[in-house]
Amino acid sequence: MMALVVIVIAVVDQITKTIMLNWLEPGVPVNVIGDWFRFYLLFNPGAAFSMGEGSTWLFTCIQIAFILGVAIYSPRVTDRWTGFGLALIAGGAAGNLIDRLFREPQFFLGHVVDFISVGNFAVFNIADSAITVGVVVFIIAMFVEEFRENARARAAEADGDGSIESVVTTEGGK
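Counted from 1, the sequence shown has number 86 at position 95 by this note's numbering; the numbering is strictly sequential.
Incorrect hints may appear among the rest.
[To be verified] Restraint ranges, calculated between C-beta atoms of paired labels, are given here:
(1) 66 x 142: 22 to 30 Å
(2) 66 x 20: 39 to 47 Å
(3) 25 x 100: 45 to 53 Å
If you are wondering where the hints come from, they were derived from the structure by calculation, not from laboratory data.
Even glycine gets a Cβ: it sits at the ideal position worked out from N, Cα and C.
When you get a sec, could you build the whole thing from the sequences and use the hints?
Shown next, in the form of structure tokens:
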């Protein structure tokens, strides 16, 4: 399931980038909903918000390491929402990694294609959106899992007769 999500996100990201590369001129906005939502093609050598423009190689390495880490860790993921969040992040990373590996100016140092502009926010793409949503899903899943673990611990503690001796005895005391 996780692999399918990764592949779908990366493929949709690359298809939308190809469409926009064939339709838009770099730096020329196309208004969709006034000037609030528009398509605006640009090539980003850095990370989110064009930070780290001189470190394209570093972002490429980080994306490769993250995708490999998710691939190695994914068989151990038992919670579907945690897995879904990780898959969204990995799919977005894969979409942007394809750009970094195969787009201009050169292999491993390619610029990421961004084309979605909303209000005064940074220009982004489908992969960036998947990463953002994935992080939110992953964080919520972690909080829910922590809540469940605490509830299980309280339930296990309550399985005794409720006395302090019962709790101490079940925890290896007397």
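Evaluation of the provided hints:
no., hint, in the structure
1, 66 x 142: 22 to 30 Å, "26 Å, holds"
2, 66 x 20: 39 to 47 Å, "45 Å, holds"
3, 25 x 100: 45 to 53 Å, "36 Å, violated"
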